[in-house]
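Participant: Protein chains in written order, with full-length UniProt numbering: chain F, 1 to 474; chain G, 1 to 81.
Careful, some of the hints might be misleading.
[What the hints assert, rightly or not] For the chain G half of the interface with chain F, some residues (derived, Cβ under 8 Å), not all of them:
1. Val-17
2. Pro-24
3. Arg-42
4. Pro-46
5. Glu-47
6. Val-72
7. Val-75
Worth flagging that the hints you see were computed from the coordinates, not collected in a lab. These figures come from a predicted structure and were not determined experimentally. Backbone N, C-alpha and C fix where the C-beta goes; we use that ideal spot for every residue, glycine too.
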Amino acid sequence: MPYDDLRSFLDTLEKEGQLLRITDEVLPEPDIAAAANAAGRIGEGAPALWFDRVKGFTDARIAMNVHGSWRNHALALGLPKETSPREQVEEFARRWDAFPVAPERRAEAPWLENTLTGDDVDLFRVLPLFRLNDGDGGFYLDKAAVVSRDPADPDHFGKQNLGTYRLEVIGRDRLALQPVPVHDIAQHLRTAEENGEDLPVAITLGNDPVVPIVAGMPLRYDQSEYEMAGALRGAPMPIATAPHTGLDVPWGAEVVIEGVVESRKRQIEGPFGEFTGHYSGGRRMPVIRIERISYRTDPVFESLYLGMPWTECDYLVGPNTSVPLLKQLRAEFPEVRAVNAMYTHGLLVIISTAKRYGGFAKAVGMRAMTTPHGLGYVSQVILVDEDVDPFDLPQVMWAQSAKVNPREDVVVIPNLSVVELAPASQPAGVTSKMIIDATTPVGPDVRGNFGTPVKDLPETAEWAAKLRTLLAGR
Amino acid sequence: MSVPHTPDCPRCAGDAVTTVTTSPVPGVWEVLQCPRCLYMWRTTEPERRTSRAAYPALFRLTEEDIASASEVPAVPPLRTR
Chain F
1 MPYDDLRSFL DTLEKEGQLL RITDEVLPEP DIAAAANAAG RIGEGAPALW FDRVKGFTDA
61 RIAMNVHGSW RNHALALGLP KETSPREQVE EFARRWDAFP VAPERRAEAP WLENTLTGDD
121 VDLFRVLPLF RLNDGDGGFY LDKAAVVSRD PADPDHFGKQ NLGTYRLEVI GRDRLALQPV
181 PVHDIAQHLR TAEENGEDLP VAITLGNDPV VPIVAGMPLR YDQSEYEMAG ALRGAPMPIA
241 TAPHTGLDVP WGAEVVIEGV VESRKRQIEG PFGEFTGHYS GGRRMPVIRI ERISYRTDPV
301 FESLYLGMPW TECDYLVGPN TSVPLLKQLR AEFPEVRAVN AMYTHGLLVI ISTAKRYGGF
361 AKAVGMRAMT TPHGLGYVSQ VILVDEDVDP FDLPQVMWAQ SAKVNPREDV VVIPNLSVVE
421 LAPASQPAGV TSKMIIDATT PVGPDVRGNF GTPVKDLPET AEWAAKLRTL LAGR
Chain G
1 MSVPHTPDCP RCAGDAVTTV TTSPVPGVWE VLQCPRCLYM WRTTEPERRT SRAAYPALFR
61 LTEEDIASAS EVPAVPPLRT R
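Required output: the full structure, derived from the provided sequences and hints.
Facilitator: This is how it looks when you write it as structure tokens:
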């Protein structure tokens, strides 16, 4: 049964023991960010965190780390919380095949209950804002889904975009927006600015748990995130019409902020501690003027901590980065068994593949670099045999230590493209890329002394499932 | 509005700091902002974020940094109709 809003998902997390209420009074800073940071440092199965006693606020309700463990990510997809990362990625890929699933338009969205317009627009009246990292330039909305349309083709539903972009609060009714040039909203903004026009946007906060997953997914420009959400939910995504801009927004949002990106204007933004584990900022970025805020009574403010991995951000973008690569690689190379692209949005990728013939695995690695996502990421690929689980890092390290003969199996290609945020790129946006072939050579590649490998016993998979069930039932 | 006796901006030392909002529970904290570098902070944050003296050199900005900051994305040429 899919979730139509954040609140119903938080109820499930609580019932499953995956939501922790912090009952002591906390300081807005540094406590909330430090607690969410710590959730990524206490091992597997971290819960979502709930704060409602925040010093100086009278009615704050803050949810952090909602997607911040494999258990929570599984529950967001309606899977049992014990589902392994590899199984979650496989199920995600299976559901993808149902794309597109048309959304369902609903009336009477709960966020129509309260409205601020004109001089009353004030983010601080609705949201208990707080800072995440020491060097951040201000308070950020970092888990919002931003909706915009292509000004050159405004009626094309698929070109309407729903994406997560960092938003810095720079005033009661103003936000700075970071549209990286490769992002869909940057295309919308470019067209609007070429015409000298403002770009209408709707920013939705506190969404059902599938929205942040699709909003951070590298889909094609004309593919609708709402239609992908329907595929992942296994049911149409409920949407509603935003009253001020007419944009299509999630029906179940806690808060809907409407306004425009002001044409041809830039202001100083950041820095902000990013998913790369490094700050970026000190650049001049577009500015949003807020004209209307709609919100549910007693809104829940959802945010996520990000910084040095692993944090909630890594759980959120790990599977949704792995799946497109898996689908694209398998379309040409059915030998590909699994793809783990969970490290820094796929800057490093581990691929498990069978070999058609000698040299095949390296070809798979090169293809990963030339997929649409690979052009901006995938600067390191580790290839492992079909019986190595790329999500099991000790097994990957075994493969690399036992199978790699560096002179032949490590290939470095200079001067390829990568996102400018990649900290090691030099100059920003250009990097060398590396393939590490940790597969067992097959003919006519006859290198090494591999002899007969010891395989897992045929009954082991069955026993692993049995042990998991027994442990879960204790 | 400029508030009397507010501190200089911890980040760029700008002296025209304004009050953006105050705590719903009166008197607990204020949110301040520097109109020059747009740095925003709450008065109850740790000193490393609120005091010019304790603010890390790594994160400081100068007027020149702000003036020379690059545009992302660059403003495109206007389309001639």
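Participant: Hint by hint, note whether the structure agrees.
Facilitator: Results of checking the hints against the structure:
Because the beta carbon of Val-17/G sits about 13 Å from the nearest beta carbon in chain F, more than 8 Å, this interface hint is broken. At a threshold of 8 Å, the smallest CB-CB gap from Pro-24/G to chain F is about 4 Å, leaving the interface hint in force. The criterion of a C-beta within 8 Å of any C-beta in chain F is met by Arg-42/G, whose closest approach is roughly 6 Å, and the hint holds. Interface restraint check: Pro-46/G against chain F, minimum CB-CB distance 6 Å, threshold 8 Å, status holds.
Taking 8 Å as the C-beta cut-off, the interface hint given for Glu-47/G is violated, the closest approach to chain F being about 11 Å. Look at Val-72/G: its Cβ gets to within about 5 Å of chain F, closer than 8 Å, so that hint holds up. Taking 8 Å as the C-beta contact cut-off toward chain F, the hint placing Val-75/G at the interface holds, the least distance being around 5 Å.
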